[in-house]
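Trainee: One letter stands for each residue in the lines below.
Protein chains: 2
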Amino acid sequence: MSKKSIYEQLKHLFDPENIAVIGASNNKMKWGYIVPANILAGGYNGGLYPVNPHDEVILERKVYRSVKEVPAEIDLAVVTVPAPAVKGVIQECVEKGVKTCIVISGGFSETGEEGTKLEREVTEILRKNEMRLVGPNTMGVYSASCSLHALMPPVRPVAGKIGFAAQSGNLGTQMLSLGKALGVGFSRFVCIGNEADLKCADYIECFAEDPATEVILLYIEGIKDARHFIEVVSRTTPKKPVVVMKAGKTDAGAKAARSHSAALAADEAIFNGVLKQTGMIEADTTEEMLDIAKAFAATPLPKGNRVGVLTWGGGWGVVTADALAKHGLELVELPEDTLKRLDEILPPYWSRGNPVDLVGTLDLSKHFACLEIIANCPVVDAVITLGTMGATSSFQSFVLEGPAAEELSQIKPRVITSEFLQQLMATDEAYRNEVMRLMSETDKPIIAVSFPTSGAITPMLARQSEVVIYPSPERGAKTLAALYEYRRFLDRQKVGV
Amino acid sequence: MSKKSIYEQLKHLFDPENIAVIGASNNKMKWGYIVPANILAGGYNGGLYPVNPHDEVILERKVYRSVKEVPAEIDLAVVTVPAPAVKGVIQECVEKGVKTCIVISGGFSETGEEGTKLEREVTEILRKNEMRLVGPNTMGVYSASCSLHALMPPVRPVAGKIGFAAQSGNLGTQMLSLGKALGVGFSRFVCIGNEADLKCADYIECFAEDPATEVILLYIEGIKDARHFIEVVSRTTPKKPVVVMKAGKTDAGAKAARSHSAALAADEAIFNGVLKQTGMIEADTTEEMLDIAKAFAATPLPKGNRVGVLTWGGGWGVVTADALAKHGLELVELPEDTLKRLDEILPPYWSRGNPVDLVGTLDLSKHFACLEIIANCPVVDAVITLGTMGATSSFQSFVLEGPAAEELSQIKPRVITSEFLQQLMATDEAYRNEVMRLMSETDKPIIAVSFPTSGAITPMLARQSEVVIYPSPERGAKTLAALYEYRRFLDRQKVGV
Chain A
1 MSKKSIYEQL KHLFDPENIA VIGASNNKMK WGYIVPANIL AGGYNGGLYP VNPHDEVILE
61 RKVYRSVKEV PAEIDLAVVT VPAPAVKGVI QECVEKGVKT CIVISGGFSE TGEEGTKLER
121 EVTEILRKNE MRLVGPNTMG VYSASCSLHA LMPPVRPVAG KIGFAAQSGN LGTQMLSLGK
181 ALGVGFSRFV CIGNEADLKC ADYIECFAED PATEVILLYI EGIKDARHFI EVVSRTTPKK
241 PVVVMKAGKT DAGAKAARSH SAALAADEAI FNGVLKQTGM IEADTTEEML DIAKAFAATP
301 LPKGNRVGVL TWGGGWGVVT ADALAKHGLE LVELPEDTLK RLDEILPPYW SRGNPVDLVG
361 TLDLSKHFAC LEIIANCPVV DAVITLGTMG ATSSFQSFVL EGPAAEELSQ IKPRVITSEF
421 LQQLMATDEA YRNEVMRLMS ETDKPIIAVS FPTSGAITPM LARQSEVVIY PSPERGAKTL
481 AALYEYRRFL DRQKVGV
Chain B
1 MSKKSIYEQL KHLFDPENIA VIGASNNKMK WGYIVPANIL AGGYNGGLYP VNPHDEVILE
61 RKVYRSVKEV PAEIDLAVVT VPAPAVKGVI QECVEKGVKT CIVISGGFSE TGEEGTKLER
121 EVTEILRKNE MRLVGPNTMG VYSASCSLHA LMPPVRPVAG KIGFAAQSGN LGTQMLSLGK
181 ALGVGFSRFV CIGNEADLKC ADYIECFAED PATEVILLYI EGIKDARHFI EVVSRTTPKK
241 PVVVMKAGKT DAGAKAARSH SAALAADEAI FNGVLKQTGM IEADTTEEML DIAKAFAATP
301 LPKGNRVGVL TWGGGWGVVT ADALAKHGLE LVELPEDTLK RLDEILPPYW SRGNPVDLVG
361 TLDLSKHFAC LEIIANCPVV DAVITLGTMG ATSSFQSFVL EGPAAEELSQ IKPRVITSEF
421 LQQLMATDEA YRNEVMRLMS ETDKPIIAVS FPTSGAITPM LARQSEVVIY PSPERGAKTL
481 AALYEYRRFL DRQKVGV
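Those sequence lines, one after another, are chains A and B.
In this text, residue positions in the first sequence follow the working numbering: the first is 1, and each later residue adds one.
In this text, residue positions in the second sequence follow the working numbering: the first is 1, and each later residue adds one.
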């Protein structure tokens, strides 16, 4: 075993100075072409050395017959040769002194007995050296710090604070894509693959120490060394939140997981015990993975469960009240002096309660004033604002880009004036700044809910590394409950319970 | 009481030949301007008569001092005058013989005792005639058949088969907007308002008889005459599915509902009893409202709970297996002859099970062949297809429109060729046609799940009146469970249980 920490070992993986691609190809339908092309297109600035015994030039770079001939120290080898050839390649990597490798190739333990034997043989070779291996049967790795896109699909994630390890390449890379559309950023991503060498727990241990990672996100189907996993997670959660989606919890799901990743799925009851013991935060659905992770990355934690709600319309307030109650959050009664301050802003017939109903008020300064009063109210631990932030840009894009835009521009007199549009464009930016200022000043989370009334995700919605917006009150409330759950875990840790 | 059916009475509301706008205005910030402007912009072709005592011309139309002076029979009066003036206006409408009216104005029972008294007085006037009243305190009405947009917000819904009654204007009209973005169509929409005259049950009764409406969608906070409501719904559900979102089920939610709509919220247990008794299908969240309604409008009902799953990647298959199990659906074991037919298409190492994993196969003809085999398998009642239909257009838009597009076009050699892009564009249309053909031939629902990897909803995704696509397997599975629940209800009705 190496004496270096996992984090130090995986620096070679996430911040390589030189990469060799073994099995590089000029055939554009082959991963040996697509993966290095993704690396170059993604803006990686280190050395990239194609290796294959036949070609002279690939991707405008000199090709080497063996990794051992490459005239540089190699931090990372990306291996795309067919499974039977992997053993020899890894042997050469070890002899060359390569630090880490990603074995993209499938055909190992996921295919049956013979593949399992092959995988074991490959892992045996590693032990002779300090080389660490990602996969095999992996879609690869992303790292923001050096803009490394060693990935099969051409995903270009947003750089951010979330470290993400996934036991499914499709699911993982599609989360990165969704994150891109929403502006949710990642520091690192690794498709775990078959875990021949590096296990899920190793990536968690690395992310825990990694200064670039503030939130850890996991998609797990099964855990290979449960005791070690629990130990590592338990050490991590007091420092950084770990959000986990566990698939294969039902019999049907576990069966599907076995055929997919050959991982042993944990029983639901056992896994619930693990959650409780370790303080991991569970995402119940794939949508909740990003919902929750992005909030951990962007907002403060609530100090309690008392929520103030600002709403533009009554119905959404009712739905939010239900959602909060469902998740153990309190729609707190606002004290009289807070109501009095709101009286000065809202029309006389406002309901004088929580949710604070803006009763359709269009005046943005009134929105801001109400938001500030609620956020500063001492009995409020967190704020949900409904149909306000982001709503105007949705509306704008509906008007500007929707099929109605043409009709609207033809009718006389025009319903929508250009001043109105300009006003809308400025509104979202102002809202965003106001929410960021209030979160910073009050140290309370402000969760926005905006209804996706347009096909396009607007620029506002697509920058959720700084503020978070949910497409429904139910998802906003569930997320807030997750933040609060982690907060309570931290509080228990502090008092040593 | 009128001897005409509610449907016949509300023909004047949903298909008016002449509309009067009472309280019409030239002030663009007033509803008296915005609502008739929306009506005109929406393409309504009937007569529109502004009424107000001061102006000569509004929206390029002659203004009348009173509705009684309008030289035409009025089917629908849209009333935007302040609450205290409504009584006089309604009196004049009754004298004129107006058939229906929408009272946009607020300031009635939702504001307290005095407003309640005023509302009762207005309703008393109606009784002298056959005039029916929507609201007061309503955002208005949409009707596809005559392109009527008598609405406060400038929403331009897609025409379709869903009749929608909502006890919240904001929530209701934002659902219409979301429907527009997704291509989910509505036949009628009504914001129920205070239910001074027409109640939720009346709209259901109307939609039940309305040939343009095939699916009924409700957003309810409280029910005013529960016995009548139950009776009407019970008569309706054997003919048309009724999808309902019930807000105000928790104490906090009920309290918020009281302050919002003055409606008496039903206890959760009672409402669950109503659901069971009436065969309504519940949407648990606001997102599920459209999720479920659009499926009822686009796909056949499953005859049983046995599901075949086609997936492009393993991880999503595992998540789907879990979601199906959670909702009582069976990931059915495929018979040997079906597996053999799939053997002919898939690579030798495929998992020979359900989910049928395409193992990343790019060849579209293989997707179609697998989909056809699964859909035609006699033990399969419904199909979920993951990451296939819609995925290519998401990918395309990621490449064409995403921030990566520019980078990709600059790198050499190009990863993405233009032939590849053209291929992608054709793919979604082919997929759509194939799914429609298979649903028609097999009479089984095919539910697609495609992951929103791009900010833009693609043209493919934006036409969900014909095929349905969900952003997660969990939402697809939940929807399928709702379709099956309704199917079982119908089956019980048939055998008289």
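Watch out, some of these pointers could steer you wrong.
Copies of one chain are not kept apart here, so a pair can be met inside one copy or by any two copies together.
Claimed, not checked - Taking lysine-lysine and the BS3-like style, the derived pairs with C-alpha atoms no more than 30 Å apart in a straight line are:
#, residue 1, residue 2
1, Lys366, Lys62
2, Lys326, Lys224
3, Lys276, Lys68
4, Lys199, Lys326
5, Lys68, Lys161
6, Lys366, Lys161
7, Lys96, Lys326
8, Lys326, Lys276
9, Lys303, Lys30
10, Lys199, Lys62
11, Lys340, Lys255
12, Lys366, Lys30
Keep in mind that the hints were calculated from the coordinates and are not lab data.
Trainee: Could you figure out if lysine 366 and lysine 30 sit no more than 30 Å apart (CA to CA) within one copy, between two copies, both or neither?
Mentor: between (58 Å within a copy, 19 Å between copies)
Trainee: Within a copy, between copies, both or neither: which one fits lysine 326 and lysine 224 at a CA-CA cutoff of 30 Å?
Mentor: between (34 Å within a copy, 25 Å between copies)
Trainee: State whether the alpha carbon distance between lysine 68 and lysine 161 is at most 30 Å within one copy, between copies, both, or neither.
Mentor: Neither. Shortest intra-copy (36 Å) and inter-copy (67 Å) distances fail the 30 Å Cα cut-off.
Trainee: Under a CA distance limit of 30 Å, which applies to lysine 340 and lysine 255: within one copy, between copies, both, or neither?
Mentor: between (59 Å within a copy, 20 Å between copies)
Trainee: Checking lysine 366 and lysine 161: alpha-carbon separation at most 30 Å within a copy, between copies, both or neither?
Mentor: Answer is neither: 33 Å inside a copy and 39 Å across each miss the 30 Å cutoff.
Trainee: If the cutoff is 30 Å on CA atoms, where do lysine 276 and lysine 68 land: within, between, both or neither? Let me know, please.
Mentor: Cα proximity of lysine 276 and lysine 68: none, with 48 Å in one copy and 71 Å across.
Trainee: Using 30 Å as the alpha-carbon threshold, which applies to lysine 366 and lysine 62: within, between, both, or neither?
Mentor: Intra 64 Å, inter 37 Å, cutoff 30 Å: neither.
Trainee: One pair to classify: lysine 326 and lysine 276, alpha carbons no more than 30 Å apart. Within, between, both, or neither?
Mentor: So lysine 326 and lysine 276 pass the 30 Å test inside a copy (20 Å) and across (22 Å) alike.
Trainee: How would you classify lysine 303 and lysine 30 at a CA-CA limit of 30 Å: within, between, both, or neither?
Mentor: Close neither inside one copy (52 Å) nor across copies (43 Å); limit 30 Å.
Trainee: Measure nothing new, just compare the shortest in-copy and cross-copy C-alpha distances for lysine 96 and lysine 326 to 30 Å and report within, between, both or neither.
Mentor: Classified as neither: same-chain Cα gap 58 Å, cross-chain 51 Å, threshold 30 Å.
Trainee: If the cutoff is 30 Å on CA atoms, where do lysine 199 and lysine 326 land: within, between, both or neither? Let me know, please.
Mentor: between (36 Å within a copy, 29 Å between copies)
Trainee: Cα distance capped at 30 Å. Does lysine 199 pair with lysine 62 within a copy, between copies, both, or neither?
Mentor: neither (34 Å within a copy, 77 Å between copies)
When each numbered hint is compared with the structure, violations occur for hints 1, 3, 5, 6, 7, 9, 10.
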